[in-house]
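**Student:** Mind docking these for me? Both chains are given alone in their own frames, and the hints should help you get the complex.
Sequence lines, in order, name chains A and B. Just so we're aligned: the first sequence equals residues 1 to 706 in the working numbering. Just so we're aligned: the second sequence equals residues 1 to 200 in the working numbering.
Treat the hints as calculated values from the structure; they're not laboratory data. Some clues are possibly wrong.
In silico lysine-lysine, DSS-like type, Cα no more than 27 Å apart, as pairs [stated by the list, open to error]:
#: 1; chain 1: A; residue 1: Lys496; chain 2: A; residue 2: Lys509
#: 2; chain 1: B; residue 1: Lys82; chain 2: B; residue 2: Lys28
#: 3; chain 1: B; residue 1: Lys82; chain 2: B; residue 2: Lys127
#: 4; chain 1: A; residue 1: Lys109; chain 2: B; residue 2: Lys94
#: 5; chain 1: A; residue 1: Lys109; chain 2: B; residue 2: Lys82
#: 6; chain 1: A; residue 1: Lys148; chain 2: B; residue 2: Lys28
#: 7; chain 1: A; residue 1: Lys109; chain 2: A; residue 2: Lys148
#: 8; chain 1: B; residue 1: Lys28; chain 2: A; residue 2: Lys109
#: 9; chain 1: A; residue 1: Lys80; chain 2: A; residue 2: Lys148
#: 10; chain 1: A; residue 1: Lys525; chain 2: A; residue 2: Lys496
#: 11; chain 1: A; residue 1: Lys323; chain 2: B; residue 2: Lys28
Stretch-level coverage of chain A by chain B, calculated; a stretch enters the list once three of its residues show a Cβ under 8 Å from a Cβ in chain B [unchecked claim]:
#: 12; stretch: 111-123
#: 13; stretch: 154-161
#: 14; stretch: 262-273
Note that beta-carbon positions come from the ideal geometry of N, C-alpha and C, so glycine has one too.
Chain by chain, the residues:
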Amino acid sequence: MRSPAETKLRWEETFKHGPRISDLQRAIKFNGQESPCVAGLRSLCWKGFLLFPDASAEEWPQLLRQLRGSYDALCEQHLKYIRHPEQLATLSFDPLADDPDSPWITVRKDEAIRAEIQQDVSRLPDDPFYHREVIQNMILDILFLYCKLNPSAGGYRQGMHELLAPIVYVVAQDSVNAKEFSIDGLLDPIITELLDSSHVEHDSFALFSKVMDRAGAFYEVEQNTIVEKSKYIHEVALLKVDQELANHLRNIEILPQIFLIRWIRLLFGREFPFEQTMVLWDAIFAFDPNLEMIDLICVAMLLRIRWTLLEADYSVALQLLLKYPAPPPPHGPHTFVDDAVYLQNHFDAAGGVALIAKYSGRLPAAASVTATTTSTPSRSSTPSFQGFGSLRQRTLGARSPLSSTTKLLQQPGGVEAILRGAAKNVIEKSEKLGINDAVRDAVGEIRRNMQGLQEARNLPRINRSLFSDHPLAVSMLERRNRQLATMLEESITSLKQLVASDFEGDKQKQLETVEVATAKIQYVKACLEDSTLDLPEEEPPTLATLSISTHPEIRSPTVALDITPVVVASSAAEEARSRLSSPASSDRNKQKQTPPPAPPPESEPPPSVLQTPATSPTPKERPNGPIPTRSTLAQSSFAWMLEPDTTISARSPPSRPLSSSGKKKHNPSREKNAFLFGEVVPSDGIAGERTVSPDEIFGLQPIRKG
Amino acid sequence: MVLIGDSGVGKSNLLSRFTRNEFNLDSKSTIGVEFATRSIQVDNKTIKAQIWDTAGQERYRAITSAYYRGAVGALLVYDISKNITYENVTRWLKELRDHADSNIVIMLVGNKSDLRHLRAVPTDDAKNFAAENHLSFIETSALDATNVELAFQNILTEIYNIVSTKSFAEEDGKKFDPREGGTNITLSQEGPKGESKGCC
Chain A
1 MRSPAETKLR WEETFKHGPR ISDLQRAIKF NGQESPCVAG LRSLCWKGFL LFPDASAEEW
61 PQLLRQLRGS YDALCEQHLK YIRHPEQLAT LSFDPLADDP DSPWITVRKD EAIRAEIQQD
121 VSRLPDDPFY HREVIQNMIL DILFLYCKLN PSAGGYRQGM HELLAPIVYV VAQDSVNAKE
181 FSIDGLLDPI ITELLDSSHV EHDSFALFSK VMDRAGAFYE VEQNTIVEKS KYIHEVALLK
241 VDQELANHLR NIEILPQIFL IRWIRLLFGR EFPFEQTMVL WDAIFAFDPN LEMIDLICVA
301 MLLRIRWTLL EADYSVALQL LLKYPAPPPP HGPHTFVDDA VYLQNHFDAA GGVALIAKYS
361 GRLPAAASVT ATTTSTPSRS STPSFQGFGS LRQRTLGARS PLSSTTKLLQ QPGGVEAILR
421 GAAKNVIEKS EKLGINDAVR DAVGEIRRNM QGLQEARNLP RINRSLFSDH PLAVSMLERR
481 NRQLATMLEE SITSLKQLVA SDFEGDKQKQ LETVEVATAK IQYVKACLED STLDLPEEEP
541 PTLATLSIST HPEIRSPTVA LDITPVVVAS SAAEEARSRL SSPASSDRNK QKQTPPPAPP
601 PESEPPPSVL QTPATSPTPK ERPNGPIPTR STLAQSSFAW MLEPDTTISA RSPPSRPLSS
661 SGKKKHNPSR EKNAFLFGEV VPSDGIAGER TVSPDEIFGL QPIRKG
Chain B
1 MVLIGDSGVG KSNLLSRFTR NEFNLDSKST IGVEFATRSI QVDNKTIKAQ IWDTAGQERY
61 RAITSAYYRG AVGALLVYDI SKNITYENVT RWLKELRDHA DSNIVIMLVG NKSDLRHLRA
121 VPTDDAKNFA AENHLSFIET SALDATNVEL AFQNILTEIY NIVSTKSFAE EDGKKFDPRE
181 GGTNITLSQE GPKGESKGCC
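Chain B on its own, in the form it takes in the complex (with noise of 0.2 Å):
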């Protein structure tokens, strides 16, 4: 799974808080990529999600959006309290459109929600830009946990759903069986980590 959007979202510190419930005010600049994983639990299943946490600067795209055609899932996150990273949303959609899997399943997340007094974004604009392109869409605060967990949540079991759906459908009904220690969901795609790891 790949977390994209402008720089100084926050997508570092979403993936802090879901990966280790850390939140620093201070934290640096991405520089390429970094790296994360959590186990979650969905439907009595572990999954083990490998979460990519990628530069927002756009001269980066060069390098992510060849990264992210791997992704099974993207976090496509703004900041509520800045219009031009929503409006850039667009840009960023168009880029997943381009180069990721076609079955991608797109979040997207409006953070810094604790900055009410501050908002830029309503509310109901992401909501209705989010429905006509078949997103799903959640408001986060890394800073205060708000939502973190659920967002992550939400999308893992979307990917799995998905995933699990289509392994009863193209393997005759067997069983679809995510294995313990690290590898749990096969996707054919290629991805980050292509067949061999996780599902993100």
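This is chain A alone, in the form it adopts within the complex (with noise of 0.2 Å):
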């Protein structure tokens, strides 16, 4: 407990910043050592994240005392007989019956919960603090109410008595006492009431109970949630960004639960020093205080160490991750969240390449031939930083009014003039048609979407001569050519059924198709007038994007970040990926200046048209690519439960040397590895190709409690 003045001065150093959730974010993020939650109080930091993220610093006392009321009360129903086994002899009830109403047979069976309970609380990391016995009781009884008021949730779980006792520990560190000090009138009744010592229990477990309204997933059992997470980690966020890397992991055959179940589950505790995780904890609370962006930071703590990876053979890289090496400083745990905010909006190979050359130098083999190929003369023969470092000389220029706004790569910029011209042309078309009626609120609706991306389309471009001195340049304009004759090929193809149905038939879809048809013509036109627009990308929006409009609050800190290697690595990632892509969406040379474009107003492309510029995000969908999935259920590991006998009659010979061509591309035994930890199959049998629901990427609605 500290002393009066420190916890005075500490309370000043939170609030120094602002009183305003949003001023200790952005302390959080830029002060380092200066955080509020290092040199201020971080429990009154968290429950401001956490508890009240939506009110006034004045009304806290008021949330937190209803807070405290209510655990009071949770206490009085659930702990009476346990903390008071003498009034169960006042009761009528016989000890040894076998009511099931019976307080007695209540509790015996809390007791062996709580048996349960205290065989990991009394195996808490060494620090003398854990072990004090007050601790553990509280630690123990939180962790009871939590099970006793969740049983839907099964109960107890290994892992969350890690994520309570560092909370319990830094709410216990910062608390005063407060009959004391308030009298005394050392500290403001304010304070003291906040940091009230005689309530670390009932705090300890308001926070707790938020974090756990979305870990509580990472623990739940039925469903596999973690297992699943583990699989749209490594096989969708890890391969979109750094699709070597995954790639690898699949080869060597590292099934990605088996160390993201504790990364996960104890939210980073054991992967790095306390300290560190604390730091960590905070910036992700502060930013993510529903646990949206834990998958991004994942595939960011595994960029961070992709080299290492990559020469990494299954027991190397499984030793890696199970003892995640220290991020060295200044680049501490906490920047993994940074990380995660920057892949939210760069959700694609360009980021990942930004993120991996920001903290090696490196480009990653993909990226870096075009680097150097791009960056004539000083040709390297190997992927090295000297390419880089040229394409960012020449880049330079085009940094500072880029930095200046992120909006410029995450929202479409040259796509706006397009879809505002075929809002236009949809009107007038559909007079014509008569349905224009319908579809008024529609374009109106279009238009309004294209107010805020006025800006963006007037910003200066990067400058693209990058490639006009170069040869492959014209080979690149020729595919682009091909490109744009395909879109017009398609859009001329769908008006021509129109007009061939006589425009028989749904009013509403005959305008959508007119509609999309339209714009790719605007589309196609504004692309040969200017030729540094960028063309649509073959996938849908990502789903990142869909987030990020949830979360305005937490787009504005990633404007700090360099943005300077993405302009540079987005060309060539975009290059890279363009070989391995189809011809029909391989010219996607140039920077990236026009990302997906936007959503279409209120209606979906009809099927027939393809790779249309206004496609609405799926989320149940996944992106596109080589995804290396454990496809179908018949070669997937569960295909025992199918026909146990399968995998039986595969089995052949019993034994037989190894050979190291066991490392082939499909190999067979990383379908047949698949079940391990439990990829339970849900009843419909599905888990082999099943999609990514919506809740489990970032957030899009609360993750599903089982």
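**Tutor:** What follows is the structure, given as structure tokens:
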């Protein structure tokens, strides 16, 4: 417990940046050791972020009083006889009766639960604080109450104790003896109330419950959420930002849940030293109180050690992942949250390249090929920082306008004009068709959406002359033209079909067809006028884009990120990717000026129109590309559940010296291994081909609780 | 190879004693799984054992049951000072019978043999139980290192013998040749590392 003077100092330190949550967030983001969580009162910051995100500081005492009151009521309800077993004797129940309503029975069951919890609580980390009797009891009671209140969660799970213990530690560390200090007038009554040492248990429970609102899903067993989440992180998120690493981990047969179970369930508590973990939690609670970025934090951690991982075989990689190497200062674990925020806004290969380059100064092989090619004449034979550096130099001029607005990279710029034109056209055409009333609203919506994009459109472009002096540019332009031609062809086809149908049928659908086709034609026109415009992504707008819009407050800190590498790297990565993807979409050689277009208003394009610039984001859809899914049930590890005999018959012969060709690309043993760690097959048996539901991604909805 | 058994019986310490010769009285609960390897000599051959340490909590069985399907050996650990952990051996055994390969080699391990004064499970009881169920049996102490090395050595040898015998039988007497560099014995049944790695 601290002295009143120090507490007062820390109080001032906490709020010197301003009284609002956003002030605290900013202070945590930019102030390092001066962070209000480090120099000030961490528990107060956590309470703000987790318990009172929408309340002003003046309301905190009142809200805290309510939470404390309800905890007292819970204790009275569930801990009465455990704390005062002598009261059981005063009851009229027979202690030996089998009456399920008997408090004796309840107490016996509760004691069993508590014994299970106690076994882990007594095995908390070495810090003597955790092993004080009063703290042990406090942690036990809180976990017990949590389990009583959440019976559907399946009771106590190992790991919860290590989520709770640091919370208790932080709250207790900041607490003050309210009675003593307020009577003496040493501290403001508000301070003593908020930090009251007699309510450490209450406040810890409130914080823990809030964390478990989301983290509870990580412990859920029946649905096997954690395995699915691990799969998503590896096969979707990591693949999207670093295909090479995702493929390598798959090829060496690392199953992500092996290490991710612990990373995620403990919120990285065992991966880093305690103090660093706390700073990481500061950042998580400040910027991601709903734990929606955990997946991307994991991806960021993988990216940080990707070079070592790429060289690692199975054993080495596992040791590395189960004993994560300490990130060297100043890029401590909390910077993984910065990375996650960045990835959220740049959820693609370019984003991955940027982060890899940022921390290692090296470019991934695929990206560096392009970088060295384009940075003539200093061509380097090996992937090196030189090529990257010279590119960086050449694009430096474009940096300042860019860094002043992250929107440019997040939102469609060039597409805006096209869609605006499309909207106008839709009105004209639909008037001819006599269906304008039905869609006027929709078109108005397009226009409104375009307003916000105007600014980005008008911003100065990145220097595109990079490519103009290189023969590569010519072939890229040719490819681009082919793609534009394809788009025109598609539009013409769909319009012709419409005419052929003599406008019979669903007017709304026809209108959509016209709308999309027109937009495409306009887009092609604009692309022809301005050769620097990017062609649309093949993929639907990233899911991250969706969640960005739901978290505008999180977006602002990313302004500080150095985005220069992105500008450079995106071209490299785009080129690398384009060589892998189909020819029709290959022409994405220019800097990423126009990310995937905005969703259309209220409508989905007809399925006949492919590659429309206006694609409604469908959260159910996985990103395109060679995702190493354990595709079908029959191929997967679950095959044995379908037909137990198939796997047995596949075992031939029972033993044979191993050959290194065991690591072939589609190693069947990978499939066989896939059942490791309980890929328990859902009853509908589609685990092999399951799609990603929105709530697993970035919190489009609250995470399901089991 | 997998280590299974109730929470708190000392699985993680058995593993750390065997692979790193370490023991930690305050070792934390295992979350999910841990993994360690060690190479030992059997019959002048180097065998690299991959050993998986699982969380003991019952509710993890949904995860571990699928997991030890791939193991070729299992150390089923109980605590000689806690009868309940011995009683639960039957349940763990059933889990293995239900989910693991039918040829899996199982060794029953009574750990914490240093706690003589607290003994709750008589050695003979466990020995008889093991015999009835065709299990090997040993009592160990990860704390004072008694029998830990022996336990692992025995089960690994047993696995090796089974594997190499099968190898002779099914490959027309072709000499089984464990390879250097970590890929020693190939077992056809699926495992945490399947065909490509290690023996356990």
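**Student:** Each of the hints needs a verdict: does it hold here or not?
**Tutor:** How the hints compare with the structure:
In summary, the hint linking Lys496 of chain A to Lys509 of chain A is supported, as the alpha carbons are separated by about 15 Å, within the 27 Å threshold. Our distance criterion of 27 Å between C-alpha atoms is met by Lys82 of chain B and Lys28 of chain B, whose separation comes to about 19 Å. For the hint pairing Lys82 of chain B with Lys127 of chain B, the CA-to-CA distance comes to about 16 Å; that is within 27 Å, so the pair holds. Straight-line distance between C-alpha atoms of Lys109 of chain A and Lys94 of chain B comes to about 25 Å, which keeps the hinted pair within the 27 Å bound.
Taken as a hint, the Lys109 of chain A and Lys82 of chain B pair is honoured in the structure, with Cα atoms around 19 Å apart against an allowance of 27 Å. Restraint check for Lys148 of chain A and Lys28 of chain B: the C-alpha separation of about 24 Å stays at or below 27 Å, so the hint holds. With a CA separation close to 11 Å, the supplied pair Lys109 of chain A and Lys148 of chain A stays within the 27 Å bound. Note on Lys28 of chain B and Lys109 of chain A: the hinted pairing holds, with a Cα-Cα distance of about 25 Å set against a maximum of 27 Å.
A threshold of 27 Å between alpha carbons decides the hint, and for Lys80 of chain A with Lys148 of chain A the separation of about 13 Å falls inside it, so the pair holds. Our distance criterion of 27 Å between C-alpha atoms is met by Lys525 of chain A and Lys496 of chain A, whose separation comes to about 19 Å. Taking the CA atoms of Lys323 of chain A and Lys28 of chain B, the gap is about 15 Å. The hint holds against a cut of 27 Å. Using a Cβ-Cβ cut-off of 8 Å, 4 residues of the stretch 111-123 of chain A lie near chain B, which meets the minimum of three, so the contact claim holds.
Note: the stretch 154-161 of chain A has 6 residues with beta-carbon separation from chain B under 8 Å; the three-residue rule is met and the coverage holds. Residues of the stretch 262-273 of chain A lying with their CB closer than 8 Å to a CB of chain B number 4, which satisfies the three-residue condition for coverage.
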